[in-house]
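Q: Chains as they are written, first to last, in my numbering: chain A, 12 to 521; chain B, 7 to 209.
Watch out, some of these pointers could steer you wrong.
Residues of chain B clear of chain A, computed beta-carbon distances all greater than 12 Å [stated by the list, open to error]:
{"id": "1", "residue": "Glu28"}
{"id": "2", "residue": "Ala76"}
{"id": "3", "residue": "Ala117"}
The list that follows gives simulated cross-link-like pairs (lysine-lysine, DSS-like), each with its CA atoms no further than 30 Å apart [claimed, not checked]:
{"id": "4", "chain 1": "A", "residue 1": "Lys91", "chain 2": "B", "residue 2": "Lys37"}
{"id": "5", "chain 1": "A", "residue 1": "Lys312", "chain 2": "A", "residue 2": "Lys151"}
{"id": "6", "chain 1": "A", "residue 1": "Lys312", "chain 2": "B", "residue 2": "Lys179"}
{"id": "7", "chain 1": "A", "residue 1": "Lys389", "chain 2": "A", "residue 2": "Lys199"}
{"id": "8", "chain 1": "A", "residue 1": "Lys91", "chain 2": "B", "residue 2": "Lys182"}
{"id": "9", "chain 1": "A", "residue 1": "Lys515", "chain 2": "B", "residue 2": "Lys182"}
{"id": "10", "chain 1": "A", "residue 1": "Lys328", "chain 2": "A", "residue 2": "Lys103"}
{"id": "11", "chain 1": "A", "residue 1": "Lys455", "chain 2": "A", "residue 2": "Lys284"}
{"id": "12", "chain 1": "B", "residue 1": "Lys171", "chain 2": "A", "residue 2": "Lys312"}
{"id": "13", "chain 1": "B", "residue 1": "Lys141", "chain 2": "B", "residue 2": "Lys177"}
{"id": "14", "chain 1": "B", "residue 1": "Lys166", "chain 2": "A", "residue 2": "Lys312"}
{"id": "15", "chain 1": "B", "residue 1": "Lys166", "chain 2": "A", "residue 2": "Lys91"}
{"id": "16", "chain 1": "A", "residue 1": "Lys91", "chain 2": "A", "residue 2": "Lys103"}
{"id": "17", "chain 1": "B", "residue 1": "Lys182", "chain 2": "A", "residue 2": "Lys162"}
{"id": "18", "chain 1": "A", "residue 1": "Lys132", "chain 2": "A", "residue 2": "Lys162"}
{"id": "19", "chain 1": "B", "residue 1": "Lys37", "chain 2": "A", "residue 2": "Lys515"}
{"id": "20", "chain 1": "A", "residue 1": "Lys515", "chain 2": "B", "residue 2": "Lys177"}
{"id": "21", "chain 1": "A", "residue 1": "Lys162", "chain 2": "A", "residue 2": "Lys151"}
{"id": "22", "chain 1": "B", "residue 1": "Lys37", "chain 2": "B", "residue 2": "Lys166"}
{"id": "23", "chain 1": "A", "residue 1": "Lys515", "chain 2": "B", "residue 2": "Lys141"}
{"id": "24", "chain 1": "B", "residue 1": "Lys99", "chain 2": "B", "residue 2": "Lys177"}
{"id": "25", "chain 1": "A", "residue 1": "Lys389", "chain 2": "B", "residue 2": "Lys177"}
{"id": "26", "chain 1": "B", "residue 1": "Lys182", "chain 2": "B", "residue 2": "Lys163"}
{"id": "27", "chain 1": "B", "residue 1": "Lys113", "chain 2": "B", "residue 2": "Lys182"}
{"id": "28", "chain 1": "A", "residue 1": "Lys389", "chain 2": "A", "residue 2": "Lys455"}
{"id": "29", "chain 1": "A", "residue 1": "Lys388", "chain 2": "B", "residue 2": "Lys166"}
{"id": "30", "chain 1": "B", "residue 1": "Lys164", "chain 2": "B", "residue 2": "Lys179"}
{"id": "31", "chain 1": "B", "residue 1": "Lys99", "chain 2": "A", "residue 2": "Lys515"}
{"id": "32", "chain 1": "A", "residue 1": "Lys449", "chain 2": "A", "residue 2": "Lys328"}
{"id": "33", "chain 1": "B", "residue 1": "Lys113", "chain 2": "A", "residue 2": "Lys449"}
{"id": "34", "chain 1": "B", "residue 1": "Lys99", "chain 2": "A", "residue 2": "Lys312"}
Just the calculated beta-carbon pair ranges, DEER-fashion [to be verified]:
{"id": "35", "chain 1": "B", "residue 1": "Gly134", "chain 2": "A", "residue 2": "Thr448", "range": "26 to 32 Å"}
{"id": "36", "chain 1": "B", "residue 1": "Leu47", "chain 2": "A", "residue 2": "Leu418", "range": "39 to 45 Å"}
{"id": "37", "chain 1": "A", "residue 1": "Ile15", "chain 2": "B", "residue 2": "Lys166", "range": "51 to 57 Å"}
Since the hints were made in silico from the structure, they are not lab data. All C-beta atoms, glycine included, are put in the ideal place defined by N, C-alpha and C.
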Amino acid sequence: MKDIIWSSPQRLSPIALFTSGALFFRYALRFGWYLLIPLFINFTPERLKTTLIGFGIVIILAFILGIAYFYFFRFRLEEKEFIVQQWFFTFKKTSIPYDRIQSVSLEQGFWHQILEVYQVKIDSAGSKTEEVFLRAIEPKVALALKDELDKRTSRDEGRTSFTEKAEDNSSAADQIESEWKSKLQTAKFSHQLSFGRLLLVGLTENHLKTSTYLLALLFYLPQFNDQFKLDDYFIEQIEERSFDLMSLALWLKVLLWFLLISILISAIRIFLKYNRYILVQNNHNIKAKHGLFRIRETQMKLSRIQLVTVIQNPFQKLFNFMSLQLSQVGGSEYEGEGQVTLPGINQQHYGEWMRLYRSADPDGVSEDLIKIHPYRKKYLIIGMLFLTAVALAVMFVFQNALINWPLSLVWLLMLIFHIRSYQLYGVIRYPDGIRLTKAFFEMKTVFTKYEKIQEVTLSRGPIGLIFGFYQLQLKTAGGYMILPYLDLSTASEMRDYLLYQIEKHEKAWM
Amino acid sequence: MEEIDNNFENAQVLSDSIPSFEGIPTEPIEKDYLKILLIQLFFELLIIHGAWFIVYQIDNAFAMKWGLIALAVLVPIILIRVVITIAVFPTRKYLLRDQDISYEQGKIFYAMTTVPVNRIQHVSLGQGPLEGLFKLAHINVYTAGGVQADLHLPGLKKQKAEDLKEYLLHKVKDLKVADQQQTERESPLDKNEGLSSDQAISL
Numbered sequence: 012m013k014d015i016i017w018s019s020p021q022r023l024s025p026i027a028l029f030t031s032g033a034l035f036f037r038y039a040l041r042f043g044w045y046l047l048i049p050l051f052i053n054f055t056p057e058r059l060k061t062t063l064i065g066f067g068i069v070i071i072l073a074f075i076l077g078i079a080y081f082y083f084f085r086f087r088l089e090e091k092e093f094i095v096q097q098w099f100f101t102f103k104k105t106s107i108p109y110d111r112i113q114s115v116s117l118e119q120g121f122w123h124q125i126l127e128v129y130q131v132k133i134d135s136a137g138s139k140t141e142e143v144f145l146r147a148i149e150p151k152v153a154l155a156l157k158d159e160l161d162k163r164t165s166r167d168e169g170r171t172s173f174t175e176k177a178e179d180n181s182s183a184a185d186q187i188e189s190e191w192k193s194k195l196q197t198a199k200f201s202h203q204l205s206f207g208r209l210l211l212v213g214l215t216e217n218h219l220k221t222s223t224y225l226l227a228l229l230f231y232l233p234q235f236n237d238q239f240k241l242d243d244y245f246i247e248q249i250e251e252r253s254f255d256l257m258s259l260a261l262w263l264k265v266l267l268w269f270l271l272i273s274i275l276i277s278a279i280r281i282f283l284k285y286n287r288y289i290l291v292q293n294n295h296n297i298k299a300k301h302g303l304f305r306i307r308e309t310q311m312k313l314s315r316i317q318l319v320t321v322i323q324n325p326f327q328k329l330f331n332f333m334s335l336q337l338s339q340v341g342g343s344e345y346e347g348e349g350q351v352t353l354p355g356i357n358q359q360h361y362g363e364w365m366r367l368y369r370s371a372d373p374d375g376v377s378e379d380l381i382k383i384h385p386y387r388k389k390y391l392i393i394g395m396l397f398l399t400a401v402a403l404a405v406m407f408v409f410q411n412a413l414i415n416w417p418l419s420l421v422w423l424l425m426l427i428f429h430i431r432s433y434q435l436y437g438v439i440r441y442p443d444g445i446r447l448t449k450a451f452f453e454m455k456t457v458f459t460k461y462e463k464i465q466e467v468t469l470s471r472g473p474i475g476l477i478f479g480f481y482q483l484q485l486k487t488a489g490g491y492m493i494l495p496y497l498d499l500s501t502a503s504e505m506r507d508y509l510l511y512q513i514e515k516h517e518k519a520w521m
Numbered sequence: 007m008e009e010i011d012n013n014f015e016n017a018q019v020l021s022d023s024i025p026s027f028e029g030i031p032t033e034p035i036e037k038d039y040l041k042i043l044l045i046q047l048f049f050e051l052l053i054i055h056g057a058w059f060i061v062y063q064i065d066n067a068f069a070m071k072w073g074l075i076a077l078a079v080l081v082p083i084i085l086i087r088v089v090i091t092i093a094v095f096p097t098r099k100y101l102l103r104d105q106d107i108s109y110e111q112g113k114i115f116y117a118m119t120t121v122p123v124n125r126i127q128h129v130s131l132g133q134g135p136l137e138g139l140f141k142l143a144h145i146n147v148y149t150a151g152g153v154q155a156d157l158h159l160p161g162l163k164k165q166k167a168e169d170l171k172e173y174l175l176h177k178v179k180d181l182k183v184a185d186q187q188q189t190e191r192e193s194p195l196d197k198n199e200g201l202s203s204d205q206a207i208s209l
């Protein structure tokens with residue numbers, strides 16, 4: 012392949028005209044989907060015609076933006092930084108010093124695979140918005156760019172570069188595949204998902220959210236009403252405040268349907284997202300690749316990990332596996348940005364990874380730890396009373412057996428989860444970091460090393476003022492860790508201890 | 007079997023010897039800052055009334071009906087905020103120690119944020135027009151991972167704010183130099199395992 016002069020401005024592949032146009036169309040749909048609601052509520056041919064015309068205009072505008080995006084986009088590699096010039100209504104020049112680049116990943120969405128191009132994603136330290144996408148690049152240029160950036164960011168760990176391999180006639184996809192195979196052989200730690208485990212991960216997802224979306228969407232469809240005869244039974248009976256077993260059976264039938272549909276949707280989603288999952292850890296780097304239609308490739312340095320989160324719901328506990336999330340600089344615990352997820356990992360495998368992660372620190376392997384359970388019984392009782400008061404208030408307002416029976420069930424479940432959250436809550440102070448375990452429906456364990464903590468906030472709200480609840484918020488560059496239900500003396504003592512640990516450490520946070 | 011590091015120390019730390027906030031007096035911010043907060047609320051009132059007056063000029067009936075309802079809701083909210091601002095003002099305090107800076111405020115919603123000096127990325131000093139009028143300024147302390155200031159310390163005399171900024175930047179620089187020297191030496195014997203002397207500092 013002809014050598015690329017990286018210091019001169021490079022363009023994207025002309026396919027970027029299409030991929031960026033499609034992307035702008037997707038953005039338009041994401042922000043304007045609610046404009047379609049009137050069409051669903053009252054469907055008329057006129058409304059359909061107007062909607063289709065609207066769609067046409069949005070598609071044309073999106074592709075005009077795609078053309079402008081391709082025309083003005085340039086990137087180049089200078090001596091000390093990576094420069095990107097782009098236009099999106101205003102001209103923007105982004106300079107990323109090589110030492111700030113955290114990861115360079117090659118991604119392939121559905122269209123990228125069909126059109127045989129790659130999207131290059133460059134993550135830099137700082138906020139999550141500081142990342143650069145090169146929307147469509149020809150495979151050999153993409154691989155050469157990744158090589159060059161890895162070299163300049165000193166992340167190249169002596170592997171054979173893609174450009175050296177490019178002398179043979181194998182395709183870019185084959186080269187990437189063989190690269191992953193060799194990584195697997197030399198990995199200190201690896202994680203892969205079998206078909207059965209992938210299916211289990213999908214089936215044991217938390218379906219509550221999916222069910223709620225489905226319920227909200229389908230409730231408005233006339234066909235749905237016809238199918239379950241909601242008008243005949245529910246609404247009439249809610250208005251008349253009457254109750255019969257037939258209605259309860261119908262409720263259960265509807266809920267069962269929703270659960271089955273949401274399980275199916277989750278299973279498909281997980282199957283598409285985590286298909287062909289490979290994660291390898293070599294010395295100080297983690298690399299992961301997964302996806303059936305949209306292939307995501309992520310990498311992060313171990314030293315950039317800010318928070319380690321383990322999530323396990325009761326169904327996953329039955330099958331003895333959990334999900335591990337690693338949040339790096341610029342990521343967020345809640346938004347899924349800047350994260351690497353290890354789904355379907357078992358307890359033993361998790362322990363193995365944690366030992367490897369913490370063994371970089373001589374203190375980390377020590378078993379000298381302090382376990383505390385600062386969640387007092389007082390707060391457990393206050394919470395139970397509060398839940399009961401809310402349930403009674405709702406029952407008093409409705410005074411309807413059709414609502415009150417399921418509500419009683421929900422109240423009972425909430426009480427069980429509340430007691431469970433009291434039992435499982437705990438904070439462990441290790442010599443190298445702090446770990447918090449809390450639970451409601453699912454159990455969540457968050458661990459952070461002391462040197463990763465940037466700021467400590469002790470706070471309380473009006474309920475805390477009455478009952479003496481305080482919370483500690485520990486901010487890292489990859490998200491927050493919140494320790495709730497503390498009394499003032501425990502919260503203050505823990506704050507002082509954490510500050511002592513942060514301030515005495517001379518270790519770099521990143 | 008891993009080689010044992012004979013220089014590794016793991017001395018016991020007694021919880022009593024950890025530097026505590028207890029008993030260290032926090033410093034209140036300048037009282038003139040209360041005037042600024044009240045003037046800002048007065049401006050909000052003025053804007054609401056101005057908006058109502060413009061609507062009144064355009065549509066008399068609409069302003070008399072809906073505009074008055076909006077005023078009846080918004081004006082008491084601002085008056086309540088005036089009361090809360092005055093009541094909460096004495097709780098706005100800061101504390102500068104050798105190794106960290108803290109700011110606390112609030113009665114019903116209480117929060118005390120502490121930023122260790124060795125985590126500070128940069129410090130900025132700002133002065134709005136109202137602050138300029140009262141010769142006050144504020145400083146923002148930034149750590150990693152966010153675009154917003156992690157600690158916003160308002161209501162400081164301009165000179166004091168400048169001193170504080172200089173002091174913090176100086177401390178950060180010193181720590182960076184110490185870090186570099188530490189990395190260069192890379193000897194476990196040089197580790198200072200003693201407790202940090204976290205004494206309150208008054209500027």
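Q: Please go over all the hints and tell whether each is borne out by the structure.
A: Here is what the structure says about each hint:
Residue placement check: Glu28 (chain B) does not keep its beta carbon more than 12 Å from all beta carbons of chain A (closest about 7 Å). Annotated as non-interface, Ala76 (chain B) keeps its C-beta farther than 12 Å from every C-beta of chain A; the closest such distance is 26 Å. Chain A draws Ala117 (chain B) into its interface by the beta-carbon criterion, the shortest separation being 4 Å against a cut-off of 12 Å. For the proposed pair Lys91 (chain A) and Lys37 (chain B), the alpha carbon gap of about 49 Å is over 30 Å, so the pair is violated.
Our distance criterion of 30 Å between C-alpha atoms is met by Lys312 (chain A) and Lys151 (chain A), whose separation comes to about 25 Å. Restraint check for Lys312 (chain A) and Lys179 (chain B): the C-alpha separation of about 26 Å stays at or below 30 Å, so the hint holds. For a cut-off of 30 Å, the pair hint linking Lys389 (chain A) to Lys199 (chain A) is broken: about 47 Å separates their Cα positions. Between Lys91 (chain A) and Lys182 (chain B) the CA atoms are separated by roughly 22 Å; this keeps the pair inside 30 Å, and the hint holds.
In summary, the hint linking Lys515 (chain A) to Lys182 (chain B) is supported, as the alpha carbons are separated by about 14 Å, within the 30 Å threshold. Restraint check: the Cα-Cα separation between Lys328 (chain A) and Lys103 (chain A) comes to about 49 Å, which exceeds 30 Å; the hinted pair is violated. For the proposed pair Lys455 (chain A) and Lys284 (chain A), the alpha carbon gap of about 22 Å is at most 30 Å, so the pair holds. The suggested pairing of Lys171 (chain B) with Lys312 (chain A) is violated, with an alpha-carbon distance near 33 Å, which exceeds 30 Å.
For the hint pairing Lys141 (chain B) with Lys177 (chain B), the CA-to-CA distance comes to about 26 Å; that is within 30 Å, so the pair holds. For the hint linking Lys166 (chain B) to Lys312 (chain A), the alpha-carbon distance of about 41 Å lies beyond 30 Å, and the restraint is violated. Straight-line distance between C-alpha atoms of Lys166 (chain B) and Lys91 (chain A) comes to about 39 Å, which puts the hinted pair past the 30 Å bound. Proposed proximity of Lys91 (chain A) and Lys103 (chain A) is supported: the alpha carbons are some 19 Å apart, at most 30 Å.
Restraint check for Lys182 (chain B) and Lys162 (chain A): the C-alpha separation of about 27 Å stays at or below 30 Å, so the hint holds. Taking the CA atoms of Lys132 (chain A) and Lys162 (chain A), the gap is near 16 Å; set against the 30 Å cutoff, the hint holds. With a CA separation close to 35 Å, the supplied pair Lys37 (chain B) and Lys515 (chain A) exceeds the 30 Å bound. In summary, the hint linking Lys515 (chain A) to Lys177 (chain B) is supported, as the alpha carbons are separated by about 14 Å, within the 30 Å threshold.
For the given pair, Lys162 (chain A) sits about 16 Å from Lys151 (chain A) by alpha-carbon distance, which is consistent with the 30 Å threshold. In summary, the hint linking Lys37 (chain B) to Lys166 (chain B) is supported, as the alpha carbons are separated by about 14 Å, within the 30 Å threshold. Under the criterion of a C-alpha separation no larger than 30 Å, the hint pairing Lys515 (chain A) with Lys141 (chain B) is inconsistent with the structure, at around 37 Å. A hinted pair counts as satisfied when its Cα atoms are at most 30 Å apart, and Lys99 (chain B) with Lys177 (chain B) qualifies at roughly 21 Å.
In summary, the hint linking Lys389 (chain A) to Lys177 (chain B) is not supported, as the alpha carbons are separated by about 43 Å, beyond the 30 Å threshold. A threshold of 30 Å between alpha carbons decides the hint, and for Lys182 (chain B) with Lys163 (chain B) the separation of about 28 Å falls inside it, so the pair holds. Restraint check: the Cα-Cα separation between Lys113 (chain B) and Lys182 (chain B) comes to about 37 Å, which exceeds 30 Å; the hinted pair is violated. Taking the CA atoms of Lys389 (chain A) and Lys455 (chain A), the gap is near 23 Å; set against the 30 Å cutoff, the hint holds.
Note on Lys388 (chain A) and Lys166 (chain B): the hinted pairing is violated, with a Cα-Cα distance of about 47 Å set against a maximum of 30 Å. Taken as a hint, the Lys164 (chain B) and Lys179 (chain B) pair is honoured in the structure, with Cα atoms around 22 Å apart against an allowance of 30 Å. With a C-alpha separation of about 25 Å, the suggested pair Lys99 (chain B) and Lys515 (chain A) falls inside the 30 Å cut-off, and the hint holds. Our distance criterion of 30 Å between C-alpha atoms is met by Lys449 (chain A) and Lys328 (chain A), whose separation comes to about 15 Å.
Distance check on the hinted pair: Lys113 (chain B) and Lys449 (chain A) sit about 28 Å apart at the alpha-carbon level, within 30 Å; holds. The straight-line distance between the Cα atoms of Lys99 (chain B) and Lys312 (chain A) is roughly 39 Å, outside the 30 Å bound, and the hint therefore fails. About 45 Å separates the C-beta atoms of Gly134 (chain B) and Thr448 (chain A), a value inconsistent with the hinted range of 26 to 32 Å. For Leu47 (chain B) paired with Leu418 (chain A), a C-beta distance near 43 Å keeps the hint of 39 to 45 Å intact.
Separation of Ile15 (chain A) from Lys166 (chain B) is about 56 Å and conforms to the stated range, judged on CB atoms against 51 to 57 Å.
Checked against the numbered hints above, the structure violates hints 1, 3, 4, 7, 10, 12, 14, 15, 19, 23, 25, 27, 29, 34, 35; every other hint is satisfied.
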